[in-house]
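Quick note, the sequences are listed as chains A and B, same order.
Going by the numbering used here, 4 is the number at position 4 of the first sequence; the sequence numbering is gapless.
Going by the numbering used here, 213 is the number at position 213 of the second sequence; the sequence numbering is gapless.
Fair warning: there could be bad hints in the mix.
What the hints assert, rightly or not - Here are the simulated distance ranges between beta carbons:
| hint | chain 1 | residue 1 | chain 2 | residue 2 | range |
| --- | --- | --- | --- | --- | --- |
| 1 | A | Ala94 | B | Ser114 | 44 to 50 Å |
| 2 | B | Ala217 | A | Gly74 | 29 to 35 Å |
| 3 | B | Leu105 | A | Gly59 | 32 to 38 Å |
| 4 | B | Arg80 | A | Glu66 | 38 to 44 Å |
| 5 | B | Glu12 | A | Asp19 | 40 to 46 Å |
| 6 | A | Glu72 | B | Thr203 | 55 to 61 Å |
| 7 | A | Leu107 | B | Ser209 | 46 to 52 Å |
| 8 | A | Gly59 | B | Lys155 | 31 to 37 Å |
| 9 | A | Arg70 | B | Lys155 | 40 to 46 Å |
| 10 | B | His84 | A | Cys76 | 23 to 29 Å |
| 11 | A | Glu72 | B | Lys155 | 42 to 48 Å |
As the list claims (entries may be wrong) - Simulated pairs of lysine to aspartate or glutamate, EDC-like, Cα-Cα distance not exceeding 16 Å:
| hint | chain 1 | residue 1 | chain 2 | residue 2 |
| --- | --- | --- | --- | --- |
| 12 | B | Lys34 | B | Asp112 |
| 13 | B | Lys34 | A | Asp110 |
| 14 | B | Lys155 | A | Asp110 |
| 15 | A | Lys24 | A | Glu87 |
| 16 | B | Lys155 | A | Glu40 |
| 17 | B | Lys83 | B | Glu53 |
Said to hold, decoys possible - Residues of chain B placed beyond 10 Å of chain A at every Cβ, according to the derived structure:
| hint | residue |
| --- | --- |
| 18 | Ser43 |
| 19 | Met111 |
| 20 | Cys129 |
| 21 | Glu148 |
| 22 | Pro153 |
| 23 | Phe198 |
| 24 | Ser201 |
| 25 | Val221 |
Hints are computed from structural coordinates only; laboratory data are not their basis.
Idealized CB from N, CA, C, for every residue including glycine.
So the chains spell out like this:
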Amino acid sequence: MHELGVASEILDVALSEADRHAAKKVTSIRLRVGVLRAIEPGNLSFLFEHLARGTPAEGALLEIVEEPVRVECGTCGVSEVSSIAWECPRCKGAGVSVTGGDSLSILSLDVDT
Amino acid sequence: MGPGGNVRIDVERSIQRSADESAAEIRAFLLERKIYALNLISSPGSGKTTLIEALLARFDGKGGVAVVEGDVETEIDAERIRKHGVQVRQITTRSSCHIQPSRLLSVLREMDLSETRLLLVENVGNLVCPAEVPLGEDARVVLLSVTEGDEKPLKYPLVFKTSGLLVITKTDLLPYVTFDVERVRRAARAANPAVEIFEVSATTGEGMSALLDRIEALRAVKNG
């Protein structure tokens, strides 16, 4: 249920941005979510829909752009993967460093003015 | 872009901004008082409260340990710690699966921390939500007991990526469970090359002094 706090923060940002741009309605919200964040999109949308009821963001669609994890292997270079792995997806070597995949941000809103 | 149309507004903003702001306030609060803070994260029953008790025994007489306990319900952990005669507060988070930084900040402001040198925050027992919320701590400690399984760094990557210390607990049970310590070490290092890994058993005491020494050294640096 950690999506509840996230949904609530998305709504706050969306409403304040919509207000700042004198928008009547928010129609969609684009998010960048890293795969390490363990956000379940269905759960997030369900909670957002509930929280947004009666606000200008009611019915807004959440579009999630998934941010992959970058696995850097000394032998094979960089691979991007959508589920976490602590080994190189190509050579299965363990000598890797894992970066990225922890974003949680709002990219843009589509609004009706 | 005329009136009455559909317009795209670029926002590009972290969703956790308000939480991050509170965490920054906690960091400043602790820095001003030279208090070293650890955020303890693990599954329920991995040994967070036991580690806190070991730290209290170590620092007994040297003063200066304060504890904040986070649980969804009950004061059981706070009562267990209170018996050691240290300052402890319980945060009951109710529906929330982690300690919110704003809540921690208000609790810290109510406490008398004039003698405190080490703050131990025991987060709510799970490996998901507490990982996402910085509490202004100096270091995050993730505990993993050998009975939980060695695949946990794969299942809960964020907490292993963001923790400076990994404590593998209940190592006295290794003969009875299938748990590949090396697999965990490899995964933890891939997630965070700087991670410091400790293997401990609170039952036999094995490995505890190395861990406590390290925490004491980290604390001493901040206390100045």
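How the hints compare with the structure:
| no. | hint | verdict |
| --- | --- | --- |
| 1 | A:Ala94 - B:Ser114: 44 to 50 Å | holds, 48 Å |
| 2 | B:Ala217 - A:Gly74: 29 to 35 Å | holds, 32 Å |
| 3 | B:Leu105 - A:Gly59: 32 to 38 Å | holds, 36 Å |
| 4 | B:Arg80 - A:Glu66: 38 to 44 Å | holds, 42 Å |
| 5 | B:Glu12 - A:Asp19: 40 to 46 Å | violated, 18 Å |
| 6 | A:Glu72 - B:Thr203: 55 to 61 Å | violated, 39 Å |
| 7 | A:Leu107 - B:Ser209: 46 to 52 Å | holds, 49 Å |
| 8 | A:Gly59 - B:Lys155: 31 to 37 Å | holds, 35 Å |
| 9 | A:Arg70 - B:Lys155: 40 to 46 Å | violated, 20 Å |
| 10 | B:His84 - A:Cys76: 23 to 29 Å | violated, 51 Å |
| 11 | A:Glu72 - B:Lys155: 42 to 48 Å | violated, 22 Å |
| 12 | B:Lys34 - B:Asp112 | holds, 14 Å |
| 13 | B:Lys34 - A:Asp110 | violated, 46 Å |
| 14 | B:Lys155 - A:Asp110 | violated, 34 Å |
| 15 | A:Lys24 - A:Glu87 | violated, 48 Å |
| 16 | B:Lys155 - A:Glu40 | holds, 14 Å |
| 17 | B:Lys83 - B:Glu53 | holds, 10 Å |
| 18 | Ser43 | holds, 15 Å |
| 19 | Met111 | holds, 25 Å |
| 20 | Cys129 | violated, 4 Å |
| 21 | Glu148 | holds, 17 Å |
| 22 | Pro153 | violated, 6 Å |
| 23 | Phe198 | holds, 19 Å |
| 24 | Ser201 | holds, 25 Å |
| 25 | Val221 | holds, 26 Å |
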